[in-house]
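*Asks:* Sequence:
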Amino acid sequence: MCGITGIISDSNINLLLYESLFHLQHRGQSSTGFTIINNNNNIISTKEFEFKKIKNMNNLEGNIGIGHVRYKTSGNLSINEIQPFIIDNIALCHNGNISNYEKLYNEYKDYIEINSKSDSELFLKIFNYELNILNCKILNDSLIVNTIKKISDKCNGAYSIIIMIKNYGLICFKDPYGIRPLIYGKRNNSYVISSESCSIKNIDFDLIGDIKGGEIIIFKNDISISKYIYSIKIQKPCLFEWIYIARDDSIINNVSVYESRLKMGEYLAKKIKFEINIDDIDFIIPIPDTSRPSALKISEILNIPYREGIIKNRYIGRTFIMDNQNDRKKNLKRKLNVIEKYISNKNIILVDDSIVRGNTIKHIINLLYKNNVKNITVVSCAPIIRYQNFYGIDIPTKNELISNNMSLNEIEKKLNIKKIIYLSIEEICKSITDLNANIKDFELSVFNGKYIN
Numbered sequence: 009m010c011g012i013t014g015i016i017s018d019s020n021i022n023l024l025l026y027e028s029l030f031h032l033q034h035r036g037q038s039s040t041g042f043t044i045i046n047n048n049n050n051i052i053s054t055k056e057f058e059f060k061k062i063k064n065m066n067n068l069e070g071n072i073g074i075g076h077v078r079y080k081t082s083g084n085l086s087i088n089e090i091q092p093f094i095i096d097n098i099a100l101c102h103n104g105n106i107s108n109y110e111k112l113y114n115e116y117k118d119y120i121e122i123n124s125k126s127d128s129e130l131f132l133k134i135f136n137y138e139l140n141i142l143n144c145k146i147l148n149d150s151l152i153v154n155t156i157k158k159i160s161d162k163c164n165g166a167y168s169i170i171i172m173i174k175n176y177g178l179i180c181f182k183d184p185y186g187i188r189p190l191i192y193g194k195r196n197n198s199y200v201i202s203s204e205s206c207s208i209k210n211i212d213f214d215l216i217g218d219i220k221g222g223e224i225i226i227f228k229n230d231i232s233i234s235k236y237i238y239s240i241k242i243q244k245p246c247l248f249e250w251i252y253i254a255r256d257d258s259i260i261n262n263v264s265v266y267e268s269r270l271k272m273g274e275y276l277a278k279k280i281k282f283e284i285n286i287d288d289i290d291f292i293i294p295i296p297d298t299s300r301p302s303a304l305k306i307s308e309i310l311n312i313p314y315r316e317g318i319i320k321n322r323y324i325g326r327t328f329i330m331d332n333q334n335d336r337k338k339n340l341k342r343k344l345n346v347i348e349k350y351i352s353n354k355n356i357i358l359v360d361d362s363i364v365r366g367n368t369i370k371h372i373i374n375l376l377y378k379n380n381v382k383n384i385t386v387v388s389c390a391p392i393i394r395y396q397n398f399y400g401i402d403i404p405t406k407n408e409l410i411s412n413n414m415s416l417n418e419i420e421k422k423l424n425i426k427k428i429i430y431l432s433i434e435e436i437c438k439s440i441t442d443l444n445a446n447i448k449d450f451e452l453s454v455f456n457g458k459y460i461n
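All residue numbers for the sequence shown refer to the numbering used here, where the first residue is 9 and numbers rise by one.
No wet-lab data here; the hints were simulated from the structure.
Possibly wrong hints are sitting among the right ones.
[As the list claims (entries may be wrong)] Result set (DSS-like, lysine-lysine): computed pairs, CA atoms no more than 25 Å apart in a straight line:
(1) K406 to K427
(2) K157 to K145
(3) K145 to K174
(4) K406 to K382
(5) K382 to K438
(6) K448 to K426
(7) K235 to K158
(8) K279 to K422
(9) K194 to K220
Using the sequences and the hints given, assemble the complete structure.
*Replies:* Here's what the structure looks like:
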């Protein structure tokens with residue numbers, strides 16, 4: 009759930025690169041880094057723990073570069089783990105999680121030196137090692153493709169990667185199943201590659217489309233491109249991109265994130281009609297921000313007024329992607345408040361995008377009761393989350409999940425609410441496939457416990 013971007017052009021790209029990554033901050037707030045090959049053909053970087061502290065971008069003039077915002081799911085928070093990583097004439101940024109890190113590390117530890125616990129650094133060092141042992145004087149596409157295929161055959165997990173090689177170009181690829189997004193666009197003699205289309209469109213590039221799982225696209229220094237397939241698998245994009253991670257104005261796998269969230273609201277409205285007496289409900293209230301489109305659609309279908317009864321402090325980041333439980337709990341108190349007029353003595357439907365640990369929903373419910381809410385029905389766009397994740401979402405164990413080994417009645421009692429309604433796995437999948445029937449499968453492990461590898 010990190011954000012990555014890369015730009016190659018026949019002119020200076022440093023400020024464009026900054027703007028592109030600026031639009032991916034919702035994907036990670038732990039650190040930010042930029043690496044550019046400057047006009048003197050030197051690899052230079054600027055890195056900070058906070059995006060707003062990034063400086064010296066004006067000094068990073070060059071026509072090729074990559075950037076990264078981090079959401080920590082593994083490793084440490086240290087300067088050594090801020091991406092992009094660099095070795096010799098190669099730099100790399102990575103979104104995802106390589107789940108068999110220890111196995112790979114043990115295989116290569118006698119041949120490479122690792123300075124962090126980052127799976128991204130490990131991938132870069134292995135890539136560099138495998139290229140070097142070929143002992144070829146002239147680098148070419150075939151060597152790069154064969155190296156990626158060799159490493160991919162050993163890697164488990166999710167990875168979308170941009171590699172920058174001095175005097176060569178940008179190499180962009182995804183794991184064979186295409187779990188995490190990677191999208192590219194063009195403007196004149198420039199290409200941009202990014203985790204989301206919002207960071208392409210907002211710098212006035214034309215969207216071309218998604219890089220597919222098992223596909224490699226090489227953008228050369230002469231601004232030519234080459235495409236290769238190193239693996240053919242059924243594509244399994246992560247559903248959480250549409251549920252929570254991606255920004256509303258992004259398009260992933262030719263599916264508008266906003267439209268998919270409206271569809272989730274449509275399917276939720278049908279379930280709500282079936283499961284409760286809607287004549288008793290006063291307001292539909294979203295938990296900002298991600299659930300707003302779904303709440304609007306529920307309000308429209310059920311003809312129940314929509315109200316912004318919960319207000320978010322815009323200066324507090326997304327608590328789900330904070331680094332630990334203490335920070336999440338502390339910032340929840342700062343982040344949300346309610347408007348009593350729409351709460352006091354009211355029966356409400358509270359719409360959430362997903363219920364993971366339960367910290368946010370429990371805090372909000374307590375706030376609602378302090379403001380004399382009458383009854384609360386909670387609806388979740390995501391199905392029940394019961395399992396850990398190995399593909400870049402921060403759910404390392406089942407034990408932290410509110411739904412772990414609990415029935416719906418037990419969850420309702422724990423949250424002190426009248427009713428809880430979840431979309432089913434089938435319904436959430438249809439919220440996407442209704443908009444693009446070419447998507448045949450998804451990465452669903454947090455919902456069904458079935459892992460790809």
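*Asks:* Where does the structure disagree with the numbered hints, that is, which hint numbers, in rising order?
*Replies:* 4, 5, 6
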